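Student: The listed protein sequences derive, respectively, from chains A and B. So the first sequence is numbered by my numbering: it starts at 1169 and just counts up by one. So the second sequence is numbered by my numbering: it starts at 1169 and just counts up by one.
Do not rely on the hints blindly, as some may be mistaken.
The calculated lysine to aspartate or glutamate pairs, modelled on EDC-like cross-linking and capped at a C-alpha distance of 20 Å, are [unchecked claim]:
no. : chain 1 : residue 1 : chain 2 : residue 2
1   : B       : 1370      : A       : 1456
2   : A       : 1390      : B       : 1451
3   : B       : 1505      : B       : 1446
4   : A       : 1390      : B       : 1472
Have a look at the derived ranges for each label pair, beta carbon to beta carbon [to be verified]:
no. : chain 1 : residue 1 : chain 2 : residue 2 : range
5   : B       : 1469      : A       : 1173      : 23 to 33 Å
6   : A       : 1245      : B       : 1371      : 48 to 58 Å
7   : B       : 1470      : A       : 1208      : 24 to 34 Å
Interface residues of chain B toward chain A, partial, derived using beta-carbon atoms under 10 Å [to be verified]:
no. : residue
8   : 1353
9   : 1362
10  : 1380
11  : 1450
12  : 1473
Just so you know, the hints here were simulated from the structure itself, not pulled from any lab data. What you are looking at is a predicted structure, and each value in this text was computed from that prediction instead of being measured. No residue lacks a Cβ here, since even glycine has one placed at the ideal position from N, Cα and C.
Listed below, chain by chain, are the residues.
Protein chains: 2
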Amino acid sequence: MKAIEWLGDRVKVLDQTKLPIKEAYLELSRYQDIASAILELKIRGAPAIGVAVGYGLALGALKIKTGTPDNFRRELKAVSRALAATRPTARNLFRALERMERVAEKGEDVERIKQALINEAIAIHNEEAEATLKLSKLGAELLKDGSTILTHCNTGPLATAGYGTALGVIRQAFEHGKKLKVFATETRPLLQGARITAWELKQLKIPFTLITDSMAGYFMSKGEVDCVIVGADRIALNGDTANKLGTYTLAVLAKEHAIPFYVAAPLTTIDPALASGDEIPIEQRSPDEVTHIQGVAIAPAGIEAANPAFDVTPNKYITAIITEGGIIREPYGEGIKKYFREVIT
Amino acid sequence: MKAIEWLGDRVKVLDQTKLPIKEAYLELSRYQDIASAILELKIRGAPAIGVAVGYGLALGALKIKTGTPDNFRRELKAVSRALAATRPTARNLFRALERMERVAEKGEDVERIKQALINEAIAIHNEEAEATLKLSKLGAELLKDGSTILTHCNTGPLATAGYGTALGVIRQAFEHGKKLKVFATETRPLLQGARITAWELKQLKIPFTLITDSMAGYFMSKGEVDCVIVGADRIALNGDTANKLGTYTLAVLAKEHAIPFYVAAPLTTIDPALASGDEIPIEQRSPDEVTHIQGVAIAPAGIEAANPAFDVTPNKYITAIITEGGIIREPYGEGIKKYFREVIT
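Bound-form chain A, shown alone (with noise of 0.2 Å):
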């Protein structure tokens, strides 16, 4: 099972809206396709999105007549703005759109440019799947023998094209014997916990409980959760870190319960532009997904309803950000100024 397949011409993609009910791949071969994709949420998860507007881009190339290198990057452009367009918050799209446009602003024949493009792409993945390896075996070594861990959200293969970030952390872990076992929060509004992460904890046969975000406060007060694992979508320089909504209410719950708070994710994840998560956009998306769950309405009609995507854990509640990089601690600023040159420049 592959989140993302580059086919040459096409994408393959395993449609993560359908999950757990239906495994059904999607094959796209326009960028408005991958547009839509991410818009709809069948490809979702920071990493993944990185991924899929790479060969989205590649996509969009193939699709441009001219043979004019100054057209094709103004056409390319537009192919680029309307991938940048889809989601706002995840680091990893725009890091992956602005790596393919400095490929697309070298050489003067167009056929080299879009192979150029597609190699470029194929790269992105490749190096987006080793990041999250590598972080994840250097996150499993703070995963005690015998523990419980509580995860949000979704961060396995499926939302990095790779390996997994804080999923990935876990399975490292557990591959390597340690005794695990993990709440997985089923991730109201959309359930990517009880639909998706907890699809891959099966079939990875790592022992799990579904909960709900509710629940998370209950078995931290019975001293039942030992550490708590997360992905991010932006990481500000400071290492304030957005991810999926509920993120920081658990950061809050880990810190009055003195349990370690991790955030894994690759170094593309990180913005070292913004100085603080006070400047992370924050997408809000439609009420219908609180109002609806799986298309049957949960609420009277009408209401007015709130849907923002991500929450912003400040740094304070942050013990540690795993990447591929490092794992780096208080003051973030410094070490992530650290890593980020190593690893990134």
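Since the structure of chain A is already known, use the hints to place chain B on it.
Tutor: The following block gives chain B in isolation, referenced to the frame of chain A:
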């Protein structure tokens, strides 16, 4: 619209599991039907459960054939045990049964005892309704004009078979001209907030926004919540409060953001026999309520899911407990003893 209505030889109840899709009423004439309705949450909310078992015991009494008081009392005891076995946490249930049993102990004419039981059940209903109106009036003083109040689960007329507890306080403040806005949490797993509170707030024309349970932290961190008010299922002598799962998390979040956290409940919810919340029995319900929403699977088949129905909020997180006897503040033990003696005994 009445949650529970006594019709002389049967009870008419609004089936709360069908809301907001249908306003369906049931007419129940056997105590077993009352027990099933409580088990299946067709009747729910601690005060409403108390009222329902009062009528349930009266219905059970009416069906007993014997004219011998001793036999009558023996058979009635079995009815009481069946009603007591429905749900373990709400104190109101046990208090109502104890009160009914005291009435059954008096007198030697079975027909007269039956009538006395009916009268007592009606009295319990009336007193519970009066208590919730009174505590709502007292509590309304705590809500500031122009403020935004976050509430959890459902605590209105349906939950109380009266005026409401937390929602009653909000309602009183609103009806007295205070400009209020409400955040109503959906309250997973059974969505009492999305289904019932939203329905009641809409009917009452109180402005509100439905949020998932995991959004409370987000809005508190943005400074958009001025206070939290919840109901209770059982309050120990020291003020520790069992309420719908998720309440504890809201209390921790409120403390972290220095937001007042109020509990509103009639004195019948207080259990002075329990020294602390550790002694409150917490109902564990079926995992199916977590893995399915309105009958639709939201998680892979065959996985483990937890479903504690309540959690306990320690007294240190509670700013005040609003009862019909008065507003109780720290030290709770003293306040509870005082008001309890004055009003209940």
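Student: For the pair residue 1469 of chain B and residue 1173 of chain A, does the Cβ-Cβ distance stay inside 23 to 33 Å?
Tutor: holds (27 Å)
Student: Do the alpha carbons of residue 1390 of chain A and residue 1451 of chain B lie within 20 Å of each other, as the hint requires?
Tutor: holds (15 Å)
Student: Has the given pair, residue 1370 of chain B with residue 1456 of chain A, been kept, meaning a C-alpha gap of at most 20 Å?
Tutor: holds (17 Å)
Student: Within 24 to 34 Å or not, the Cβ separation of residue 1470 of chain B and residue 1208 of chain A?
Tutor: Hint holds: Cβ distance 28 Å, inside 24 to 34 Å.
Student: Less than 10 Å between beta-carbons is the criterion; does residue 1473 of chain B satisfy it with respect to chain A?
Tutor: holds (4 Å)
Student: So if I understand the rule, the pair passes when the alpha-carbon distance is 20 Å or less; does residue 1505 of chain B with residue 1446 of chain B pass?
Tutor: Roughly 19 Å between the alpha carbons, so the hint for residue 1505 of chain B and residue 1446 of chain B holds.
Student: Does residue 1353 of chain B pass the interface check with chain A, least Cβ-Cβ distance below 10 Å?
Tutor: Result: holds, 8 Å to nearest chain A Cβ.
Student: Regarding the hint that residue 1450 of chain B lies at the interface with chain A, is the smallest CB-CB distance below 10 Å?
Tutor: holds (9 Å)
Student: If you check the beta carbons of residue 1245 of chain A and residue 1371 of chain B, does the distance land in 48 to 58 Å?
Tutor: For residue 1245 of chain A and residue 1371 of chain B the Cβ distance comes to about 52 Å; the hint holds.
Student: Against chain A, is residue 1362 of chain B within 10 Å by beta-carbon distance?
Tutor: Result: holds, 4 Å to nearest chain A Cβ.
Student: Can residue 1380 of chain B be said to touch chain A, with a Cβ gap under 10 Å?
Tutor: Because about 4 Å separates residue 1380 of chain B from the closest Cβ in chain A, which is inside the 10 Å limit, the hint holds.
Student: Is residue 1390 of chain A within 20 Å of residue 1472 of chain B, Cα to Cα?
Tutor: Answer holds: residue 1390 of chain A to residue 1472 of chain B is near 19 Å, not above 20 Å.
Violated hints are absent here; each numbered hint is respected by the structure.
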